[in-house]
Amino acid sequence: MKTHKLFENTSHTWLMFGRDDEKPEQIIDTNQYIVITKNNAFLMDPGGIELFSAMLSAVIKQVPADKITHIFASHQDPDIISSLGLWDQALPSATLHSPWLWESFIRHFGMHNITYDAIPDEGATLKLDGVNLEYIPAHYLHSSGNFNIYDAKAKILMSGDIGAALETVDAPLFVDSFDEHIDKMKMFHQRWMPSNKAKNDWVQRVRKLDIDMMCPQHGRIFKGDDVMRFLDWFEELEVGLVSNSN
Amino acid sequence: MSDRTTNYFVSVAEIAAKLHQATQVAQQLSLTASNARAVALRAGEKAAGFRPLTDFIDRLAEITISSSKKINQLASTLSRTSVSKVRADDAIRHFNSVYIKTKESPFISSLDAQFELCENIQRELNIKYRRQVDKLSDELAMLSAELRNAIILATLSRVEASQAGVQYQDALINVANNVEGAAGEIKGFIQYSQQMVSTL
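Residue numbers (our numbering), protein chains in the order written: chain A, 1 to 246; chain B, 247 to 446.
One or more hints might be untrue.
To be verified - Below 30 Å or equal to it, Euclidean Cα-Cα: the simulated DSS-like pairs (lysine-lysine) are:
1) B:Lys349 x A:Lys23
2) A:Lys38 x B:Lys349
3) B:Lys349 x A:Lys67
4) A:Lys127 x A:Lys153
5) B:Lys349 x A:Lys2
6) A:Lys5 x A:Lys197
7) B:Lys349 x A:Lys61
8) A:Lys155 x A:Lys61
9) A:Lys127 x A:Lys208
10) B:Lys347 x A:Lys23
11) B:Lys347 x A:Lys61
12) A:Lys5 x A:Lys127
13) A:Lys2 x B:Lys347
14) A:Lys5 x B:Lys347
15) A:Lys23 x A:Lys5
16) B:Lys315 x B:Lys374
17) A:Lys38 x B:Lys347
18) A:Lys5 x B:Lys349
19) B:Lys347 x A:Lys67
20) A:Lys2 x A:Lys23
21) B:Lys264 x B:Lys374
22) B:Lys381 x B:Lys316
23) A:Lys127 x A:Lys186
To be verified - The calculated label-pair distances, taken between Cβ atoms and stated as ranges, are:
24) A:Asp66 x B:Asn372: 39 to 49 Å
25) A:Asn9 x B:Glu260: 53 to 63 Å
26) A:Arg107 x B:Val256: 16 to 26 Å
27) B:Gln440 x A:Lys2: 45 to 55 Å
28) B:Gln319 x A:Asp129: 48 to 58 Å
29) A:Glu25 x B:Ala263: 28 to 38 Å
30) A:Lys153 x B:Asn372: 46 to 56 Å
31) A:Asp201 x B:Lys315: 55 to 65 Å
32) B:Asp358 x A:Asp129: 23 to 33 Å
33) B:Asp384 x A:Lys2: 48 to 58 Å
34) B:Gln319 x A:Lys5: 52 to 62 Å
Note that these hints are calculated values from the structure, not bench results.
Ideal Cβ positions, reconstructed from N, Cα and C, are used throughout, including at glycine.
Start from the sequences, fold in the hints, and give me the full structure.
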């Protein structure tokens, strides 16, 4: 699993983990992110059981285990958090932040030690050593209880499945040509996102944020003007379709 | 057929399911006992020799039900323990893989305390698992021995039934057949379970 530094200042660092060429072929490649502050680390969408060893190995190269105090699961999917039962044994004192809607479902992955912090529908802000991490509502994109993470200082939006593309593990880290990238993400958004209304609400909400990088859970990161290009494209896109012909 | 060394928790679940069936058959035995008592009462003096046997059938049903329930509970507990053991084994396997992949990390020792804790949990679960397997094995052997009496009881019942008047003979032979049938069925479940337990 590869590690990339996305942002660093005096208060905190953003890292991305992904492009795991050792993962089993049949499982979808995922991007994981971590924010490291002075005394804490906030691990986002840590992934499925199949990735756990690779993920913990990658994280432990960057921070000691007892510093990983917070885990975030944007929603309940297996590629997001099915590794929970193992994190529960590795980081028993950690807190899992996840939508309130999914608490009783996510606990099925096995959670005896970790504390569940249920995020309300309207979102909230987590303050870690002076760094504000905002939970931005992204319900129905694609999950019915779903959040993004926004860091105003780093100007990074961790957008979960929004902006995701299905690509190979050797794909570049950043979108280099937005127009060419559309093909890789169009079907994903049309098929997995169920609601045009929810989508447009989200676009309006996110347009108010100052974003340098939009980081999805699959595929490439959008940088600079590509963030606005994505928002424009997504706003126009009709979602909730089974195939392009519908 | 699953690999019993790695999928032992599946074997334990199968044992629990078989023993649940045994409990249900044992409850049928209890019905047979009530039925036997009613027939013997109706037959009066004609079934004088049969009447004391109904107490034994009653006792056999009682022992079989309570023993099957106990064994069933033991198997359920063992099933839960074995799933916890699988999870603990899995965590240790993942930790070991992290240690191999990350030996050069300056923070690798930060996992040591938690790894040690997981190893302790795994060790305790192994002891608990072994103890529960042994207990289940003992209880199965005890019930199996108890069921041997059922064959004797069925034979005696048949002999006494032949002494009763024609009017009650069929009903009493039916009781004997039921005792023998239920005991045989339970014995089959027990033997299957004993065979499975021996692979754990």
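Results for each hint:
1. With a C-alpha separation of about 20 Å, the suggested pair Lys349 of chain B and Lys23 of chain A falls inside the 30 Å cut-off, and the hint holds.
2. Between Lys38 of chain A and Lys349 of chain B, the direct Cα distance comes to roughly 24 Å. Compliance with the 30 Å bound is thereby established for this hinted pair.
3. Among the hinted pairs, Lys349 of chain B with Lys67 of chain A is consistent with the structure: their alpha-carbon atoms are about 19 Å apart, no more than 30 Å.
4. A threshold of 30 Å between alpha carbons decides the hint, and for Lys127 of chain A with Lys153 of chain A the separation of about 13 Å falls inside it, so the pair holds.
5. About 17 Å separates the Cα atoms of Lys349 of chain B and Lys2 of chain A, which keeps this hinted pair within 30 Å; it holds.
6. At most 30 Å may separate the alpha-carbon atoms for a hinted pair to count; Lys5 of chain A and Lys197 of chain A exceed this at roughly 35 Å.
7. With a CA separation close to 9 Å, the supplied pair Lys349 of chain B and Lys61 of chain A stays within the 30 Å bound.
8. Simply put, Lys155 of chain A and Lys61 of chain A have alpha-carbon atoms about 25 Å apart, close enough for the 30 Å limit, and the pair holds.
9. Distance hint between Lys127 of chain A and Lys208 of chain A is fulfilled; the C-alpha atoms sit about 21 Å from each other, no more than 30 Å.
10. The straight-line distance between the Cα atoms of Lys347 of chain B and Lys23 of chain A is roughly 14 Å, inside the 30 Å bound, and the hint therefore holds.
11. As the CA atoms of Lys347 of chain B and Lys61 of chain A are separated by approximately 10 Å, the hinted pair is consistent with the 30 Å bound.
12. For the given pair, Lys5 of chain A sits about 21 Å from Lys127 of chain A by alpha-carbon distance, which is consistent with the 30 Å threshold.
13. For the given pair, Lys2 of chain A sits about 13 Å from Lys347 of chain B by alpha-carbon distance, which is consistent with the 30 Å threshold.
14. Note on Lys5 of chain A and Lys347 of chain B: the hinted pairing holds, with a Cα-Cα distance of about 21 Å set against a maximum of 30 Å.
15. Restraint check: the Cα-Cα separation between Lys23 of chain A and Lys5 of chain A comes to about 21 Å, which is no more than 30 Å; the hinted pair holds.
16. Restraint check: the Cα-Cα separation between Lys315 of chain B and Lys374 of chain B comes to about 21 Å, which is no more than 30 Å; the hinted pair holds.
17. With a CA separation close to 26 Å, the supplied pair Lys38 of chain A and Lys347 of chain B stays within the 30 Å bound.
18. A C-alpha spacing of about 22 Å is found between Lys5 of chain A and Lys349 of chain B, which places the hinted pair at or below 30 Å, so the restraint holds.
19. With a C-alpha separation of about 20 Å, the suggested pairing of Lys347 of chain B with Lys67 of chain A holds against the 30 Å cut-off.
20. Our distance criterion of 30 Å between C-alpha atoms is met by Lys2 of chain A and Lys23 of chain A, whose separation comes to about 12 Å.
21. This hinted pair checks out: Lys264 of chain B and Lys374 of chain B have alpha carbons roughly 22 Å apart, not beyond 30 Å.
22. Taking the CA atoms of Lys381 of chain B and Lys316 of chain B, the gap is about 11 Å. The hint holds against a cut of 30 Å.
23. Between Lys127 of chain A and Lys186 of chain A the CA atoms are separated by roughly 35 Å; this puts the pair beyond 30 Å, and the hint is violated.
24. The beta-carbon spacing between Asp66 of chain A and Asn372 of chain B, approximately 27 Å, falls outside the hinted interval of 39 to 49 Å.
25. Roughly 58 Å separates the CB atoms of Asn9 of chain A and Glu260 of chain B, a value that falls within the hinted 53 to 63 Å.
26. For Arg107 of chain A and Val256 of chain B, the hinted distance range of 16 to 26 Å is satisfied, since their beta carbons lie about 24 Å from each other.
27. At about 53 Å, the beta-carbon gap between Gln440 of chain B and Lys2 of chain A stays in the expected band of 45 to 55 Å.
28. Checked against the hint of 48 to 58 Å, the C-beta distance between Gln319 of chain B and Asp129 of chain A comes to roughly 51 Å, which is consistent with it.
29. Our hint of 28 to 38 Å for Glu25 of chain A and Ala263 of chain B holds, since their Cβ atoms are close to 36 Å apart.
30. Judged by the Cβ atoms, the range 46 to 56 Å given for Lys153 of chain A and Asn372 of chain B holds: they are separated by roughly 49 Å.
31. In this structure the supplied range 55 to 65 Å holds for Asp201 of chain A paired with Lys315 of chain B, their Cβ-Cβ distance being about 57 Å.
32. Between Asp358 of chain B and Asp129 of chain A the Cβ separation comes to about 25 Å, which falls inside the hinted range of 23 to 33 Å.
33. Distance hint check for Asp384 of chain B and Lys2 of chain A: the Cβ-Cβ separation is about 55 Å, which falls inside the suggested range of 48 to 58 Å.
34. Checked against the hint of 52 to 62 Å, the pair Gln319 of chain B and Lys5 of chain A passes, with Cβ atoms roughly 55 Å apart.
Violated hints, in rising order: 6, 23, 24; the structure is consistent with all others.
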